[in-house]
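J.: Got chain A sorted already, so can you dock chain B onto it with the hints?
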Amino acid sequence: MNPLLPFLMAGDPSLEALPAQLSEARSLGIEALELGLPHSDPIADGPVLQGAAHRAIGRGATPTRVLQALAGLTGSPDLILFTYLNPLLQIGAERLKMLLAPTPVKALLVVDLPFGEEPTFEAALREAGYPMVPLLAPTTTLDRARQVLAARPDPGPAAPFAQRFAYVVARLGVTGEGQDAGQDAAQGTTQGADLTPVRERVTQLRSISGRPLAVGFGLSDAASLATVRAMGATPVVGSALVRELAQGKGLSACLTPLMDGDL
Amino acid sequence: MTDAFALPTRFGAESLGGCYAPETLMQPLLDLEAAFRSALADPAFQAELKAELRHFVGRPTPLMAAPRLAAELGLKALYLKREDLTHTGAHKINNALAQALLARRMGKAEIIAETGAGQHGVATAAACARLGLSCTVYMGVTDMARQAPNVARMRLFGTKVVPVEAGQGTLKEAVNEALRAWAGRCDHAHYILGSALGPHPFPTLVRTFQTVIGEEARSQVQEQAGALPEAVVACAGGGSNGLGLLVPFLGDPLRRLAVEAGGHGRALGEHAARLDGGRMGVLHGCKTLLLQDAHGRTAETASISAGLDYPALGPELAALALDGQVEVRRASDDEALAGARLLCEREGILPALESSHALAALPALAAEGVATVLLGLSGRGDKDLSTYQSRLEI
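Protein sequences appear in the order of chains A and B.
Take the first sequence: its letter number 200 is residue 200 in this note's numbering, and every next letter is one higher.
In this note's numbering, each residue carries its 1-based index in the second sequence increased by 263.
Hints listed in this document are in silico derivations from the structure and should not be mistaken for laboratory results.
Because the structure is a prediction, the values reported are computed rather than measured.
All C-beta atoms, glycine included, are put in the ideal place defined by N, C-alpha and C.
Please note: incorrect hints may appear among the correct ones.
Label pairs and their in silico Cβ distance ranges [stated by the list, open to error]: (1) T120(A) / E608(B): 49 to 59 Å; (2) A246(A) / L517(B): 32 to 42 Å; (3) L270(B) / G156(A): 31 to 41 Å.
Below, a sample of chain B positions facing chain A; criterion: calculated Cβ distance under 7 Å [as the list claims (entries may be wrong)]: (4) G447; (5) V545; (6) R560.
Next comes chain A alone, as it looks inside the complex:
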């Protein structure tokens, strides 16, 4: 099982640093990584990712430049492009496919694109090898979860994790909130958080789907991540990682402790 799904914001600290960060992640054993495309109006993101997007845009990280910076990269984890819809719509499906072709991007996670809203655009990208990651929120009923998973189907065990997994949003709210609400956000210590609801949700979703699950839940301490792994799911670390990187900490120093500590 994939032990960790980290998130990086493209262009923060810089696009120049991105290739080295990705190969460092790969050398740590990271199989797949969510790469954020900075957007002007990130309505599903909390303060940490908003800040990172703002900095990246200020440093010139346009969608086209991000994809060009990824072109020809080898030794990168499989990338899931985490983005809002409008920048992709403006590029257009045909040009987007050409821009994606030389990159390690394997799937798209479009935060504000529910299934069925842009069927032609979504089908064109899926047929070109860029499926949309299905998102399952706490408000998603099991009936709706079945619809979501059917509309964005599992391509099967031969496909990489990045193209197969469903993303379980384990809390209401925007990205990173659990971290901000933590007792000591600077150290990322959120020990004692009650993960029972996460466990119950994972169990429930397992009853309707056998595909890999990644769980984003706003926590970042090694013990909590290990608890999620013990549920058979891959923990996502986003805001906590972006915050530490912005403070100047190295990627290995951030990720290594989070890969350890399996129960």
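T.: Coordinates of chain B only, in the frame set by chain A:
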């Protein structure tokens, strides 16, 4: 639990609108549509809404002939639909009150809202106080400074006003923050969106609750003038006032005009004229005409009027414009100020800066030979006194 929308989610030949929402908000939006349909079909809800609109809001609002202003402009007749005379001073209360009733019916005791000029915030705050709901309003810091009286009014009604510092500190950022807040509290809170935008069902819901303006105006003008006017004019920010006035006139042989904020220039970032510089895009849950840069990032906007200072035109109004049913024009900051001054001097009415944009379209219409006009006076201008004082040097 419903699992699909029953109402049309798209408008016009370009299929504008839609529901581009984060997954967390999808079930709440499905539930909202179901509650909306059930409320509309319920005579008890309709009766309560009607009673509240009459006794709390002060409907029907008058349609007033403005002969001195008409003469000044060279029009034969001008009628003003006086939404400025509603309780809280703008058309926003029609929608805010109806959605607050809907929220109570859904068992949601907490209300979230955004506001630009503060009129929707004040209306929502008042409706929540009236119905015993708790209320939080998100407002950009720039708007809080330029519409300070409305901030105080919201607080007097017991509403918590949360300053939004991101970006330009205007309506767009306030909507961002309100959507984020709703995603965190959608299990117990209802989001009262103030304009005919956002993900389905909001554009339809807001338009439905605002068409009372045009329905009243249409019968009032026929009663007073014995005929329909040649043109109906409204200002347009997101489009709740524009649709509210214009939609009931859609089948009529007359010109329908919406006036956008022309700001202080024609370059991107200097105005909020979406039809004249916007491209198709997705913002805040709907596809519509959007002011954006080459990379799909929302452009900055500028307008003297906080209520029109928004980068996207509501999807239904944009569709009507693209389909040729509504003419969209722009009025600059200076033209709007001139329109406001004229209404003050000739009719003794201080209009909101938003409504002043509609007034600014009148000289051109008169020059085109239009003789009779019905104009939506969407709000009163008390909130804008400090801007009028500094810009008109009074």
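J.: Each hint needs a verdict: does it hold in this structure or not?
T.: Structure-based check of each hint:
The beta-carbon spacing between T120(A) and E608(B), approximately 55 Å, falls within the hinted interval of 49 to 59 Å. The hint said 32 to 42 Å for the Cβ distance between A246(A) and L517(B), and at roughly 58 Å that hint is violated. Distance hint for L270(B) and G156(A): a CB-CB separation of about 37 Å, consistent with the stated range 31 to 41 Å. The interface hint given for G447(B) holds, since its Cβ lies 4 Å from the closest Cβ of chain A, which is under the 7 Å cut-off.
For V545(B), the interface hint holds, the least distance from its beta-carbon to any beta-carbon of chain A being 5 Å, beneath 7 Å. Nearest Cβ of chain A to the Cβ of R560(B): about 4 Å, under the 7 Å cut. The hint holds.
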